[in-house]
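As they're listed, the protein sequences go chains A and B. When we follow numbering that gives the first Met the number 0, the leftmost residue of the first sequence carries the number 0, and every step to the right adds one. When we follow numbering that gives the first Met the number 0, the leftmost residue of the second sequence carries the number 0, and every step to the right adds one.
Don't take each hint at face value.
[As the list claims (entries may be wrong)] Going by beta-carbon spacing under 10 Å, a handful of chain A positions derived as facing chain B:
{"no.": "1", "residue": "Ile13"}
{"no.": "2", "residue": "Val20"}
{"no.": "3", "residue": "Gly23"}
{"no.": "4", "residue": "Lys122"}
{"no.": "5", "residue": "Val124"}
{"no.": "6", "residue": "Tyr125"}
[What the hints assert, rightly or not] Output of the computed footprint for chain B on chain A, the stretches with three or more beta carbons under 8 Å from beta carbons of chain B:
{"no.": "7", "segment": "42-49"}
{"no.": "8", "segment": "104-115"}
{"no.": "9", "segment": "141-150"}
{"no.": "10", "segment": "192-204"}
Since the hints were made in silico from the structure, they are not lab data. The model shown is predicted, which means the values in this text are computed figures rather than measured ones. All C-beta atoms in this analysis are idealised placements derived from N, C-alpha and C, irrespective of residue type, glycine included.
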Amino acid sequence: MLARAGIWWTILSISIEERLVYRGDFALGTLMRFLPIVTQIFLWKAVFSAVETLGSGVDRVAGYSYHDFIAYYLLTMVSRAFSSMPGLASGITRDIRSGAVKKYLTQPVDLIGFLFLYRVAHKLVYYAIAVVPFAAVFYLLRSYFPGWPHGPTFAAYVASLLLAFLLGFFMEVTLGLLGFWFLEISSLLFIYMLLSYFCSGHMFPLDMLPGMWGQAIKAAPFQYLAYFPSAIFLGKVAGAELLRGLATQLAWVAAFMIAARLAFCFGVRHYSGFGG
Amino acid sequence: MVEAVRSIDLDVQRGEFVAFLGPNGAGKTTTLKLLSGVLTPTSGTARVLGHIPWHRENAYRRRFALVMGQKNQLWWDLPAAESFRLHQHIYRIEPREFERTRDELTDMLGVRHLLAQPVRELSLGERMKMELIAALLHSPEVLFLDEPTIGLDVIAQYQVQKFLRHYQQSRKITVLLTSHNMKDVAALCRRVVIIAAGRIVYDGSLVGIVDRFSRAKVISLQMSDGQVPPELSRYGEVLSAEAPRVKLRVARQAVPEVLGSILASYTVEDVSVEDPPLEEVIAELFCQAQPEGIVPANPV
Numbered sequence: 000m001l002a003r004a005g006i007w008w009t010i011l012s013i014s015i016e017e018r019l020v021y022r023g024d025f026a027l028g029t030l031m032r033f034l035p036i037v038t039q040i041f042l043w044k045a046v047f048s049a050v051e052t053l054g055s056g057v058d059r060v061a062g063y064s065y066h067d068f069i070a071y072y073l074l075t076m077v078s079r080a081f082s083s084m085p086g087l088a089s090g091i092t093r094d095i096r097s098g099a100v101k102k103y104l105t106q107p108v109d110l111i112g113f114l115f116l117y118r119v120a121h122k123l124v125y126y127a128i129a130v131v132p133f134a135a136v137f138y139l140l141r142s143y144f145p146g147w148p149h150g151p152t153f154a155a156y157v158a159s160l161l162l163a164f165l166l167g168f169f170m171e172v173t174l175g176l177l178g179f180w181f182l183e184i185s186s187l188l189f190i191y192m193l194l195s196y197f198c199s200g201h202m203f204p205l206d207m208l209p210g211m212w213g214q215a216i217k218a219a220p221f222q223y224l225a226y227f228p229s230a231i232f233l234g235k236v237a238g239a240e241l242l243r244g245l246a247t248q249l250a251w252v253a254a255f256m257i258a259a260r261l262a263f264c265f266g267v268r269h270y271s272g273f274g275g
Numbered sequence: 000m001v002e003a004v005r006s007i008d009l010d011v012q013r014g015e016f017v018a019f020l021g022p023n024g025a026g027k028t029t030t031l032k033l034l035s036g037v038l039t040p041t042s043g044t045a046r047v048l049g050h051i052p053w054h055r056e057n058a059y060r061r062r063f064a065l066v067m068g069q070k071n072q073l074w075w076d077l078p079a080a081e082s083f084r085l086h087q088h089i090y091r092i093e094p095r096e097f098e099r100t101r102d103e104l105t106d107m108l109g110v111r112h113l114l115a116q117p118v119r120e121l122s123l124g125e126r127m128k129m130e131l132i133a134a135l136l137h138s139p140e141v142l143f144l145d146e147p148t149i150g151l152d153v154i155a156q157y158q159v160q161k162f163l164r165h166y167q168q169s170r171k172i173t174v175l176l177t178s179h180n181m182k183d184v185a186a187l188c189r190r191v192v193i194i195a196a197g198r199i200v201y202d203g204s205l206v207g208i209v210d211r212f213s214r215a216k217v218i219s220l221q222m223s224d225g226q227v228p229p230e231l232s233r234y235g236e237v238l239s240a241e242a243p244r245v246k247l248r249v250a251r252q253a254v255p256e257v258l259g260s261i262l263a264s265y266t267v268e269d270v271s272v273e274d275p276p277l278e279e280v281i282a283e284l285f286c287q288a289q290p291e292g293i294v295p296a297n298p299v
């Protein structure tokens, strides 16, 4: 067990070291990710101004005030910081196509475990860089939030963020490992990104969607990547619903963990050892 | 589905240094990939050190190494020392043993001073040496080498060959090598396996290839009168003619008769009969390879 912990620690520390090589570019990329929130703030400001101009006396859209929207978007940014996996699926497929994946098949190291630690390192470096701008934005816009949730709710929020990380990781790994069969998954990845952006609640709160559409989207795993953690923080899910939601999120994580493992086991048998 | 190899029946003893030769697409690398567990065959079996390679047990993966001249397995942006540190842990090498082996290998290959340099800044030759060190840190019992000197300059080629010869002899490890570089093969391997169209067509010594497959010999003449008679072409193919020297390629069985006739007809100052260059024989052999099977006269 100690030896295994030693391997994990070494992979993690070397991955962090590697991530820090291009820290300037990484920091710039991290900061640029804040730009979309600015456009969202202006967009919803314009929507609410239009509603006010109509003189209808309505200050809410689908139950959300302007402040609620901004708070929601900031929280989805945090969720996405956990669940988004830039370059993961495409990187796996690229390694399969180029033959770089061979080293994971010939060395006594597990590909999925290795990728997991590499991604944890990536996220740790990202958080270390993003924590200051995140804190600044949240501080400046603190009046938009209803306040800090209670202890148990906050604990559930943190748990859902960690599960969002695991879910995002295993979903993308499963997708990337399809490269053993398809070699090129860019179209598949595009569809996944599109679904993820729309159905995770990154674009708008999912409870805005009426009836059947809302139910259909909530039946998919995507909502646990962004919407669900944000909804916990804002108190939109509580009590038994919250627990049921966390259990479902955990079940999705387990399902994709198994799917990724199966995709790897069957994929390597199907592998043709491309790239010389 | 492409059938890359079939009917390969090969038995390699511990401590052998075996070369796999064959034209591009013959199935050499595929065989190495099968033996290293990268590929799972549709049928057939193989055992290396008692393990079935494609089961990919860690117990097996800790006992062999695969080095591919065209693939970089080191962390590109980090010093090689970091990749070595990772190997120390994933192969569970004791710290003292690790340091001793690393220092020994880096000294043998003369790259100790480059350990702290990011891999991307190393030359191709230096990188290949680091790849070899990474592969040997856990003292594998079996080493699969796929084109280890590809793209290297002659000095780096020589250094890598010298290192591999010394390492294999001192450690008595088993090495399977594929290379298009005949100098690698001549310098390192006593046993040569030629594979073509996915089948083994020769298994024996390097010199044995010429004996078995060469259909011609090269007669070199130095004419006394300084002239090269044009009618010499009737004896065989004139390979070169720079007066007073001429080289003829003559069918093996016709050599005594041709030589007798030439010596009787012309005044010759010097004469020699040699086998054609090994590369030429092997190239000819590869050309004969057909997908249906090759060299029916000498099947293995």
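Please write out, lowest number first, the hints stated earlier that are contradicted by the structure. When the structure is compared with the hints, numbers 3, 4, 5, 6, 7, 9 and 10 turn out to be violated.
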